[in-house]
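What follows is the residue order along each chain.
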Amino acid sequence: MREVVAECQRPVLLYSIGKDSSVLLRLAQKAFYPGKIPFPLLHVDTGYKFGEMIEFRDRYTAELGLKLIVHTNRPGAEDGANPFAWGTQRCCGALKTTSLLDALREGGFDAAMGGARRDEERSRAKERVFSFRDTRGQWDPRNQRPELWNLFNTRIHPGESLRVFPLSNWTELDVWQYIYAEKIPIVPLYFAKPRLMLARGDSLLPVEQPFVPRLPGEEPQMVMCRMRSLGCSPCTGAIRSDADTVPKIIEELISVRRSERQNRVIDHDQDGSMEIKKQEGYF
Amino acid sequence: MAAVASPVENSFDEFLALEQKKDLLRFTTAGSVDDGKSTLIGRLLYDSRSVYDDQLESVTKASAGRNAGTIDFSLLTDGLRAEREQGITIDVAYRYFSTPKRKFIIADTPGHEQYTRNMVTGASTAELAIVLVDARKGVLEQSRRHAYIAGLLGIEQLVIAINKMDLVGYDEAVFRQIETDFRKILARFPAIESYFVPVSALAGDNIVARSRNMPWFEGQSLLEHLETVPVGGRVRAAAFRFPVQRVVRPDQEFRGYAGTIASGTVRPGDRVVIWPSGRETTIARIVTFDGDLEKAEAGKSVTLTLAQEIDLSRGDVIASREEAPQKTHGVEATLVWLNEKPAEVGKRYRLKHAARQDWATLKQIDRRISVQTLDEEPGHALELNAIGQVTIETARAFVFDNYARNRATGSFILIDPATNATVAAGMISGAAKSSAIEPLAGISWRMENGTLILASEEGFTASEKSAEPLQIEDPEALEALRHLLRRLRVRPFNTDSSESDWEI
Numbered sequence: 001m002r003e004v005v006a007e008c009q010r011p012v013l014l015y016s017i018g019k020d021s022s023v024l025l026r027l028a029q030k031a032f033y034p035g036k037i038p039f040p041l042l043h044v045d046t047g048y049k050f051g052e053m054i055e056f057r058d059r060y061t062a063e064l065g066l067k068l069i070v071h072t073n074r075p076g077a078e079d080g081a082n083p084f085a086w087g088t089q090r091c092c093g094a095l096k097t098t099s100l101l102d103a104l105r106e107g108g109f110d111a112a113m114g115g116a117r118r119d120e121e122r123s124r125a126k127e128r129v130f131s132f133r134d135t136r137g138q139w140d141p142r143n144q145r146p147e148l149w150n151l152f153n154t155r156i157h158p159g160e161s162l163r164v165f166p167l168s169n170w171t172e173l174d175v176w177q178y179i180y181a182e183k184i185p186i187v188p189l190y191f192a193k194p195r196l197m198l199a200r201g202d203s204l205l206p207v208e209q210p211f212v213p214r215l216p217g218e219e220p221q222m223v224m225c226r227m228r229s230l231g232c233s234p235c236t237g238a239i240r241s242d243a244d245t246v247p248k249i250i251e252e253l254i255s256v257r258r259s260e261r262q263n264r265v266i267d268h269d270q271d272g273s274m275e276i277k278k279q280e281g282y283f
Numbered sequence: 001m002a003a004v005a006s007p008v009e010n011s012f013d014e015f016l017a018l019e020q021k022k023d024l025l026r027f028t029t030a031g032s033v034d035d036g037k038s039t040l041i042g043r044l045l046y047d048s049r050s051v052y053d054d055q056l057e058s059v060t061k062a063s064a065g066r067n068a069g070t071i072d073f074s075l076l077t078d079g080l081r082a083e084r085e086q087g088i089t090i091d092v093a094y095r096y097f098s099t100p101k102r103k104f105i106i107a108d109t110p111g112h113e114q115y116t117r118n119m120v121t122g123a124s125t126a127e128l129a130i131v132l133v134d135a136r137k138g139v140l141e142q143s144r145r146h147a148y149i150a151g152l153l154g155i156e157q158l159v160i161a162i163n164k165m166d167l168v169g170y171d172e173a174v175f176r177q178i179e180t181d182f183r184k185i186l187a188r189f190p191a192i193e194s195y196f197v198p199v200s201a202l203a204g205d206n207i208v209a210r211s212r213n214m215p216w217f218e219g220q221s222l223l224e225h226l227e228t229v230p231v232g233g234r235v236r237a238a239a240f241r242f243p244v245q246r247v248v249r250p251d252q253e254f255r256g257y258a259g260t261i262a263s264g265t266v267r268p269g270d271r272v273v274i275w276p277s278g279r280e281t282t283i284a285r286i287v288t289f290d291g292d293l294e295k296a297e298a299g300k301s302v303t304l305t306l307a308q309e310i311d312l313s314r315g316d317v318i319a320s321r322e323e324a325p326q327k328t329h330g331v332e333a334t335l336v337w338l339n340e341k342p343a344e345v346g347k348r349y350r351l352k353h354a355a356r357q358d359w360a361t362l363k364q365i366d367r368r369i370s371v372q373t374l375d376e377e378p379g380h381a382l383e384l385n386a387i388g389q390v391t392i393e394t395a396r397a398f399v400f401d402n403y404a405r406n407r408a409t410g411s412f413i414l415i416d417p418a419t420n421a422t423v424a425a426g427m428i429s430g431a432a433k434s435s436a437i438e439p440l441a442g443i444s445w446r447m448e449n450g451t452l453i454l455a456s457e458e459g460f461t462a463s464e465k466s467a468e469p470l471q472i473e474d475p476e477a478l479e480a481l482r483h484l485l486r487r488l489r490v491r492p493f494n495t496d497s498s499e500s501d502w503e504i
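From first to last, the protein sequence lines stand for chains Z and G. Quick note on numbering: my numbering labels position 151 of the first sequence as 151, and the sequence is numbered without any gaps. Quick note on numbering: my numbering labels position 350 of the second sequence as 350, and the sequence is numbered without any gaps.
Careful, some of the hints might be misleading.
Under the rule of at most 16 Å between Cα atoms (straight-line distance), these lysine to aspartate or glutamate pairs were calculated in the EDC-like manner [as the list claims (entries may be wrong)]:
no. : chain 1 : residue 1 : chain 2 : residue 2
1   : Z       : K248      : G       : E224
2   : G       : K21       : Z       : D58
3   : Z       : K30       : G       : D47
4   : G       : K22       : G       : D251
5   : G       : K103      : G       : D171
6   : G       : K103      : Z       : E219
7   : Z       : K36       : G       : D251
Some but not every residue of chain G turned toward chain Z, in silico, with C-beta under 8 Å [as the list claims (entries may be wrong)]:
no. : residue
8   : T121
9   : S124
10  : T125
Hints listed in this document are in silico derivations from the structure and should not be mistaken for laboratory results. What you are looking at is a predicted structure, and each value in this text was computed from that prediction instead of being measured. We put the CB at the ideal spot given by N, CA and C, even for glycine.
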């Protein structure tokens, strides 16, 4: 982060409200202490995030006295973009990818820091810490710069940009241990409590948005559950769990046999799908 | 669900304390396409329970098309679609796993000859390298290359995993012969500690547990070795180096220098020298978000404050007084060329070293080194994946250690200013012979409207304390003095001035 601030013109921190973003904020506080965090936060709001996430975002960033930019892709939302009407690929493309690229362009940001980790998904294992994007914001896996030692090449031409991932070498377990050790506030959705869900086999579907279609005779029911990762409510399944504290979550994590993105519908819409989304500019 | 009364909170703090005591081992793997390297890594991840069920399902699904039998472990590590289609890995992939004893980061690099670039990249952050040798094929040219690159990049520990032992009937004689052959290569690298282990990645022999198929082997399994081999000692024991990444000035009262300790240890009260200015001072405080520290070691990110107000900027190095770094405008270095566009002698590149960027000129390619034989080879060009010994000159004074002594302050990258591509990795072997003269301290110069103005902090004679700058207008005298100043490496008036100031 210090390297980004020293060598880039207009850096921004992409704030997704999730646990990794919370960790990033703590690291930023530490990196610039006793100075203040010298860049704004950007949240790309699809309009379909959980209500609890938005509430947490506004409260926590105000507490820390940070500058928050919220960007929503109005036309996409007004066109009636939603994952059931449009399919997940087209919906993500309009509400997340296009929206993010618009927001970066409007703000003139040349470096966007985010909380993505290499252990999250197979295509991310080869991602750089400083990942280069062309003038259209796109990622070419064949044209990335080799990263040697801790020497990061931050040079870009006008219009090009960098995505920077300070948590590249962290694992999900590292993140949770850090949250516990540092007592970092996170969205309550990560903790188990009874919530209204559509239960379909192993999948639990939140019913926050009215357009989530129901099967014949299907009624939402109260299920003891929690979110393992946070995205848009229609595409983020919950997991059955009674882990209502950070230690219990970590204990669950150690025994669990499924990866955290397993409940993210968008990773599985086609083989290699995260890779394709990234090439188009998805974070 | 059974209500198990588990004292979660109590046992958890113990668990966390143990977790936080775990150290981290970063290692890299080298082997050719058919050595079974991806299978070995997949096996390590699988057997250490670092693979989730849904990931396993997705690779079992994908395996069906390539008519593999059960689980294809190699698919756990082949990330990108293009690679899955071609069946080879083409870039460095990072993998994470942990055991009750240690955390691990694997830099998984393809071993094919044209990917020297990737192997160097993976090795640059690793403390240990695993070299895979196919038991049926024995030591090949590429084994030599892998050992050479490990040595070049300063890797402390080498593990030679002799794989596919199941295909040679778990024969001890095969293992011993390969060990003998490989030790001949290693004789050239006395600094490397080596460990030989016979394995079958596919069958799981000697990967996690010791194999019953090879009772003649009495050493540790691969994982046992990885869990217990000592690492990181060199960087902690090295002299204190702290490249300043950022000057922290939240208000008029506070002035601190933030960065990551590259090597050694620091305590308040330590006498240090600021480079390149060469001024000596004392560490006042080690400031962090969580309070001041009494001591901080290599790898720790801290903000240091100094006892005296000294003008320090990003890129300066705070170093221990006892063991000084070197300071010159020219260095000799080993370069690994990483780009399709070959090296150009005389060209100016951006050089990134520690926390600074500078202009640097590739003065000459002194010799080329064969990756196959490790000997000098004819030719003075450096193309993609070639290695050579070069001389580089920087615009501003360059503060460094030799790579063999200190990886963090002895390494640099070169960037092509036109394309911004990272074109070379450099490891410094010493000051360039022609530029080993120390700059004259306290004397600076600048050009103004054709007049050379010489200034001195102390004055030009002992009697005058703050002398007027000396002005020289006569063209011949000017030319002679300019030549002399350059030879003596007297720095320009403004130390931040770019190379163009040198060219006037």
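These are the hints, each one checked on the structure:
1. Z/K248 / G/E224: violated, 30 Å
2. G/K21 / Z/D58: Given pair G/K21, Z/D58 is violated - Cα atoms ~36 Å apart, limit 16 Å.
3. Z/K30 / G/D47: violated, 37 Å
4. G/K22 / G/D251: violated, 38 Å
5. G/K103 / G/D171: violated, 33 Å
6. G/K103 / Z/E219: Cα-Cα ~45 Å, so violated.
7. Z/K36 / G/D251: Answer holds: Z/K36 to G/D251 is near 11 Å, not above 16 Å.
8. T121: Hint on G/T121: holds, closest Cβ of chain Z at ~4 Å, below 8 Å.
9. S124: With a minimum Cβ separation of about 4 Å from chain Z (threshold 8 Å), the hint on G/S124 holds.
10. T125: Given a least distance of 6 Å, the restraint on G/T125 holds.
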